[in-house]
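Enquirer: Given next are the chains, with one letter for each unit.
There are 2 protein chains.
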Amino acid sequence: MNGAESMLETLANNGVEVCFSNPGTSEMHMVAAMGKSSRMRSILCLFEGVCSGAADGYGRMTGKPASTLLHLGPGLSNASANLHNARKAYSPVINLIGDHATYHKKYNTPLNSDVVGLAAPVSHWIETVADAATLPAAAARAVQAANVHPGQIATLIIPADCAWNDSTAPLEAQDMPESLRVPVANIKQTAALLRNGKTTIMLMGNTALTEKCLELADQLSQATGVRLYCDTFTARLPRGAGRCSIEKLGYFAEQATEQIKDAEQLVMVGTTAPVGFFAYPGKVSEFYPADSVLHTLAEVQHDAEQALTDLVAELDAGKFAPRRIKLQKPQLATGELNLKAVGQGFAALLPTDAIVVDESATSGAYTSALSATAEPHDWLSLTGGSIGYGLPLSIGTAVACPERKTICLQGDGGAMYTNQALWTMAREQLNVCVVIFANRKYQILQIELARVGAQSMSPRTLDMLDLSNPDLDFVKMAESMGVKATRATTADEFNQQFEAAMQTPGPRLIEVMLD
Amino acid sequence: MNGAESMLETLANNGVEVCFSNPGTSEMHMVAAMGKSSRMRSILCLFEGVCSGAADGYGRMTGKPASTLLHLGPGLSNASANLHNARKAYSPVINLIGDHATYHKKYNTPLNSDVVGLAAPVSHWIETVADAATLPAAAARAVQAANVHPGQIATLIIPADCAWNDSTAPLEAQDMPESLRVPVANIKQTAALLRNGKTTIMLMGNTALTEKCLELADQLSQATGVRLYCDTFTARLPRGAGRCSIEKLGYFAEQATEQIKDAEQLVMVGTTAPVGFFAYPGKVSEFYPADSVLHTLAEVQHDAEQALTDLVAELDAGKFAPRRIKLQKPQLATGELNLKAVGQGFAALLPTDAIVVDESATSGAYTSALSATAEPHDWLSLTGGSIGYGLPLSIGTAVACPERKTICLQGDGGAMYTNQALWTMAREQLNVCVVIFANRKYQILQIELARVGAQSMSPRTLDMLDLSNPDLDFVKMAESMGVKATRATTADEFNQQFEAAMQTPGPRLIEVMLD
Chain G
2 MNGAESMLET LANNGVEVCF SNPGTSEMHM VAAMGKSSRM RSILCLFEGV
52 CSGAADGYGR MTGKPASTLL HLGPGLSNAS ANLHNARKAY SPVINLIGDH
102 ATYHKKYNTP LNSDVVGLAA PVSHWIETVA DAATLPAAAA RAVQAANVHP
152 GQIATLIIPA DCAWNDSTAP LEAQDMPESL RVPVANIKQT AALLRNGKTT
202 IMLMGNTALT EKCLELADQL SQATGVRLYC DTFTARLPRG AGRCSIEKLG
252 YFAEQATEQI KDAEQLVMVG TTAPVGFFAY PGKVSEFYPA DSVLHTLAEV
302 QHDAEQALTD LVAELDAGKF APRRIKLQKP QLATGELNLK AVGQGFAALL
352 PTDAIVVDES ATSGAYTSAL SATAEPHDWL SLTGGSIGYG LPLSIGTAVA
402 CPERKTICLQ GDGGAMYTNQ ALWTMAREQL NVCVVIFANR KYQILQIELA
452 RVGAQSMSPR TLDMLDLSNP DLDFVKMAES MGVKATRATT ADEFNQQFEA
502 AMQTPGPRLI EVMLD
Chain S
2 MNGAESMLET LANNGVEVCF SNPGTSEMHM VAAMGKSSRM RSILCLFEGV
52 CSGAADGYGR MTGKPASTLL HLGPGLSNAS ANLHNARKAY SPVINLIGDH
102 ATYHKKYNTP LNSDVVGLAA PVSHWIETVA DAATLPAAAA RAVQAANVHP
152 GQIATLIIPA DCAWNDSTAP LEAQDMPESL RVPVANIKQT AALLRNGKTT
202 IMLMGNTALT EKCLELADQL SQATGVRLYC DTFTARLPRG AGRCSIEKLG
252 YFAEQATEQI KDAEQLVMVG TTAPVGFFAY PGKVSEFYPA DSVLHTLAEV
302 QHDAEQALTD LVAELDAGKF APRRIKLQKP QLATGELNLK AVGQGFAALL
352 PTDAIVVDES ATSGAYTSAL SATAEPHDWL SLTGGSIGYG LPLSIGTAVA
402 CPERKTICLQ GDGGAMYTNQ ALWTMAREQL NVCVVIFANR KYQILQIELA
452 RVGAQSMSPR TLDMLDLSNP DLDFVKMAES MGVKATRATT ADEFNQQFEA
502 AMQTPGPRLI EVMLD
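Chains as they are written, first to last, in my numbering: chain G, 2 to 516; chain S, 2 to 516.
Any given hint might turn out to be false.
For chains that are exact copies, the list does not tell them apart, and a pair is met inside one copy or across any two.
Straight-line C-alpha distance at most 30 Å; calculated BS3-like pairs for lysine-lysine [unchecked claim]:
| # | residue 1 | residue 2 |
| --- | --- | --- |
| 1 | LYS477 | LYS442 |
| 2 | LYS65 | LYS284 |
| 3 | LYS327 | LYS485 |
| 4 | LYS485 | LYS442 |
| 5 | LYS442 | LYS37 |
| 6 | LYS477 | LYS189 |
| 7 | LYS442 | LYS284 |
| 8 | LYS106 | LYS485 |
| 9 | LYS199 | LYS320 |
| 10 | LYS477 | LYS65 |
| 11 | LYS249 | LYS106 |
| 12 | LYS213 | LYS284 |
| 13 | LYS107 | LYS284 |
| 14 | LYS65 | LYS320 |
| 15 | LYS189 | LYS320 |
| 16 | LYS189 | LYS249 |
| 17 | LYS249 | LYS485 |
| 18 | LYS249 | LYS477 |
| 19 | LYS106 | LYS327 |
| 20 | LYS284 | LYS37 |
| 21 | LYS284 | LYS189 |
| 22 | LYS107 | LYS262 |
If you are wondering where the hints come from, they were derived from the structure by calculation, not from laboratory data. Computed from a predicted model, the values in this text were never measured in an experiment.
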């Protein structure tokens with residue numbers, strides 16, 4: 002058994018079953034090993050950023066790592082932006098990166114580069130394999146590293162000869178790391194804060210945003226009056242009928258500071274104190290009142306559910322029944338197609354247990370607001386701010402949960418960064434409906450241009466943020482990669498097309514034409 | 002004048018006139034500055050890898066740097082693979098990377114990352130600006146760094162407040178660094194080697210591959226019998242009628258070792274000793290005979306033309322008239338469309354002074370071989386091995402040389418990494434003809450799979466390298482981004498479409514259907 006084969010069995014023995022692949026020559030033995038084994042599903046992507054985004058989506062939905070297969074430093078570079086997003090989502094991911102054979106690395110060949118250097122900013126854990134014999138154990142360590150709660154990016158660099166030389170036996174299933182428990186002292190301290198009568202905000206993020214955690218938080222809110230908010234961008238948020246409600250903190254400083262302007266205390270659960278996404282001239286970076294008290298109940302590596310359970314017990318909040326959202330769907334719109342009409346159709350027709358991948362940017366206000374009381378669903382956001390995550394992430398969620406419908410709400414500008422993802426959706430016949438908001442501009446930037454106080458709003462400047470010359474045709478683009486696509490120019494057309502997509506498995510793209 | 006404006010004027014004063022842009026919020030003041038000034042042409046790209054590839058192409062054709070405008074760490078990540086290629090081509094490039102405002106960087110915001118860490122593996126020079134007052138001088142240093150002979154990647158990281166705060170006056174034109182001159186002792190030593198009667202190979206690369214250098218090398222060959230080869234992958238190689246001939250070293254070990262198996266001495270000019278692109282089990286990494294003598298006349302930072310001029314004088318080789326290639330065009334093929342037919346049509350119809358950007362991989366043998374005696378042209382290759390450079394590079398060459406026709410010979414697999422480049426070609430109406438070789442597989446990898454001795458060639462394995470499920474439709478894809486496109490299924494169709502493209506300015510794509 003060569004290194005690649007033993008590594009693959011080790012990964013499979015430790016629960017890694019999917020590999021999002023864009024291989025090259027130095028990964029050929031890993032490709033061959035996957036071809037021989039039935040224990041790792043290899044999903045071919047035409048760009049490495051699709052691999053890493055898909056692994057992020059898979060990790061968010063399953064809580065366990067997928068692997069990526071990447072070709073030396075440049076393959077990692079192409080994956081890097083979506084690894085950044087995955088890192089900010091605390092998704093577990095294992096990167097398998099081929100490199101030159103150990104004895105070949107010293108030459109100044111075209112593909113030689115500092116792979117470790119490229120990996121460091123986007124990885125929590127990096128190991129370069131020394132020889133074939135130690136590759137299986139290194140692979141097992143990579144799985145453990147990826148599983149550090151709530152999830153880490155583990156990067157394993159595999160020189161080609163370590164894959165092709167004879168190796169040792171695969172490792173069996175290893176113990177995986179556990180989350181940290183919040184100390185009792187902190188539970189009591191937090192309880193005291195919630196009891197002291199001051200205006201208190203609880204800000205929740207990451208692993209504190211499970212259905213159960215939201216129920217516990219709602220009980221705390223009923224018991225103490227604490228107001229609940231979650232981060233603006235969340236890896237995964239359960240929403241809709243039957244779930245407990247939580248309000249998102251606004252994106253812009255003027256929104257968020259207004260929401261929590263009266264806070265005397267902030268309690269963070271699974272996240273950090275709220276600050277601006279960007280700085281703006283003359284605006285604050287910190288969203289909380291300057292004299293408010295900041296307290297962290299659980300950091301991201303803690304078991305948020307246990308902490309909230311302990312806190313509920315401490316405050317005797319268990320007697321309150323969680324207040325659950327009642328199903329309430331908007332009417333379908335008719336006539337003109339605008340963002341509100343799309344939001345109405347989306348919220349009304351959203352199927353139970355849908356997975357919504359949101360990269361709609363400025364087009365998303367109504368889809369988000371109107372679906373708060375829709376059928377229960379999960380909402381996945383852009384955690385790292387790196388545009389081009391929506392289509393790739395949707396591959397991963399659909400691979401993880403094939404029986405659920407993934408709906409990708411996607412701005413046209415963002416779609417272009419990683420449009421190659423459409424081909425993989427077609428190839429794997431993934432259960433994804435992509436809704437493209439075609440406003441034909443980087444609208445968020447036209448807003449930001451004004452907000453940062455940049456003085457030129459001349460046609461020449463705005464042209465630099467305009468996508469209408471020439472117009473993009475997403476129907477043709479989807480069809481060019483094998484995805485069935487239609488264009489909606491009226492509310493009725495959108496409703497009809499979206500409903501059909503919800504009722505039919507497999508990939509589908511709807512281009513929403515906005516003025 | 003704010004920092005962004007003064008920076009822009011400084012760059013323009015130092016010959017930087019083009020910016021390949023994919024901005025975000027932190028770059029808004031730079032966008033505004035470009036909107037107000039007419040001295041920097043901003044070319045919008047829909048993905049940062051298009052920006053960096055375009056800057057590489059611009060640098061290769063003009064010898065001077067273009068700038069890129071990138072959005073924080075993730076924008077740099079997306080640009081990184083083509084920066085790797087640019088670095089290996091020794092192209093001058095200036096990256097302008099916005100980052101969070103100096104006082105905002107300390108927060109753990111979504112887009113925060115280690116920008117310097119991401120930049121290091123792909124940059125020769127990095128500087129993070131401290132304040133608006135020092136930004137213009139830093140920009141001037143960036144231009145100097147990019148112009149270190151023959152070209153460097155200079156990365157300037159610009160916190161947003163350094164762009165928006167009041168700054169100092171722009172800097173005027175600065176002195177630029179000069180190339181190194183090869184010492185006389187080395188000229189004499191090299192001359193002695195060429196005179197000693199041993200079988201000698203001269204391997205040329207990078208700046209040693211100008212028209213003039215090839216003439217000088219041809220004179221040396223006539224005078225001493227030295228055999229001339231160039232690197233397999235060259236940043237720019239003048240070819241065709243009127244130029245002097247040079248043979249490329251083969252890509253595979255078995256080709257290259259055969260070509261130079263009798264070498265007793267190797268003289269390197271602007272490059273290093275030839276080694277394998279990859280290692281293969283049981284095959285050598287070093288292509289030259291183990292007992293051959295290696296000697297470097299000029300390293301890449303030296304003035305290769307001066308060194309060869311000095312060597313010609315030392316050896317009295319100036320009396321030999323350079324042997325120039327005579328124009329000889331193949332017949333046009335008719336009937337079945339195959340790689341040879343494409344090569345014939347391409348070579349026969351190639352216009353004078355065309356720029357050929359080659360990412361054809363396994364499909365390129367005939368186009369390259371048959372055009373050796375075609376109209377004079379420049380041939381640009383993939384210097385860093387990172388796939389997805391062809392379409393972006395063609396943007397840069399067409400911006401640099403609008404009056405010359407750029408022809409991009411592009412494999413279908415490689416085209417998918419950065420297909421967004423097509424939109425910029427349409428937007429700027431660039432003079433580019435893209436020829437897509439649609440063989441619907443990663444054919445090079447199917448070859449490499451066998452060569453590395455991977456044992457599984459099962460359908461399951463081969464499927465991982467197959468692009469035919471579903472078929473890509475490059476005509477639709479090009480049209481979706483505003484580029485006129487046609488499909489060639491016979492030799493006659495290809496000839497007709499290619500000839501029309503050569504005679505019509507502006508962008509055009511031809512999908513060559515291969516079996």
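Enquirer: Now tell me, hint by hint, if it's right for this structure.
Expert: We went through each hint and held it up to the structure:
1. Taking CA atoms no more than 30 Å apart as the test, LYS477 paired with LYS442 passes in both settings, with 19 Å inside one copy and 22 Å between copies.
2. Taking identical chains as interchangeable, the C-alpha atoms of LYS65 and LYS284 are never at most 30 Å apart, the minima being 40 Å within one chain and 39 Å between chains.
3. Proximity of LYS327 to LYS485 under the C-alpha cut-off of 30 Å is found in neither arrangement, the shortest distances being 35 Å within a copy and 52 Å between copies.
4. Taking the shortest Cα distances, LYS485 and LYS442 sit within 30 Å of each other both inside one copy (24 Å) and across copies (22 Å).
5. Taking CA atoms no more than 30 Å apart as the test, LYS442 paired with LYS37 passes between copies only; the shortest distance there is 20 Å, against 47 Å inside one copy.
6. Neither within a single protomer nor between protomers do LYS477 and LYS189 lie at most 30 Å apart by alpha-carbon distance, with minima of 60 Å and 63 Å respectively.
7. For the homomeric pair LYS442 and LYS284, the shortest alpha-carbon distance inside one copy (26 Å) is at most 30 Å, but the shortest distance between copies (52 Å) is not.
8. In this homomeric assembly, LYS106 and LYS485 never come within 30 Å of each other (Cα to Cα): the closest approach is 45 Å inside a single copy and 43 Å across copies.
9. With identical chains, the CA atoms of LYS199 and LYS320 are at most 30 Å apart within one copy only, with a shortest distance of 22 Å there and 95 Å across copies.
10. In this assembly of identical chains, LYS477 and LYS65 lie within 30 Å of each other by CA distance neither inside one copy nor across copies; the values are 36 Å within and 38 Å between.
11. Taking the closest pair of Cα atoms, LYS249 and LYS106 come within 30 Å of each other only across two copies (23 Å); inside a single copy the shortest separation is 49 Å, beyond that limit.
12. Within a single copy, LYS213 and LYS284 get their C-alpha atoms no closer than 36 Å, and across copies no closer than 58 Å, so neither meets the 30 Å cut-off.
13. In this assembly of identical chains, LYS107 and LYS284 lie within 30 Å of each other by CA distance solely across copies; the values are 16 Å between and 51 Å within a copy.
14. With identical chains, the CA atoms of LYS65 and LYS320 are never at most 30 Å apart, being 34 Å at best within one copy and 72 Å at best between copies.
15. In this assembly of identical chains, LYS189 and LYS320 lie within 30 Å of each other by CA distance solely inside one copy; the values are 19 Å within and 94 Å between copies.
16. Proximity of LYS189 and LYS249 under a CA criterion of 30 Å is satisfied intra-copy only: 27 Å inside one chain copy versus 75 Å between copies.
17. In this assembly of identical chains, LYS249 and LYS485 lie within 30 Å of each other by CA distance neither inside one copy nor across copies; the values are 34 Å within and 45 Å between.
18. Taking identical chains as interchangeable, the C-alpha atoms of LYS249 and LYS477 are never at most 30 Å apart, the minima being 36 Å within one chain and 40 Å between chains.
19. Taking the closest pair of Cα atoms, LYS106 and LYS327 never come within 30 Å of each other, the shortest separation being 61 Å inside a single copy and 42 Å across copies.
20. Taking CA atoms no more than 30 Å apart as the test, LYS284 paired with LYS37 passes between copies only; the shortest distance there is 25 Å, against 58 Å inside one copy.
21. For the identical chains of this complex, LYS284 and LYS189 are neighbours neither inside a copy (36 Å) nor across copies (67 Å), given an alpha-carbon limit of 30 Å.
22. Taking the shortest Cα distances, LYS107 and LYS262 sit within 30 Å of each other only across copies (23 Å), while inside one copy they are farther apart (58 Å).
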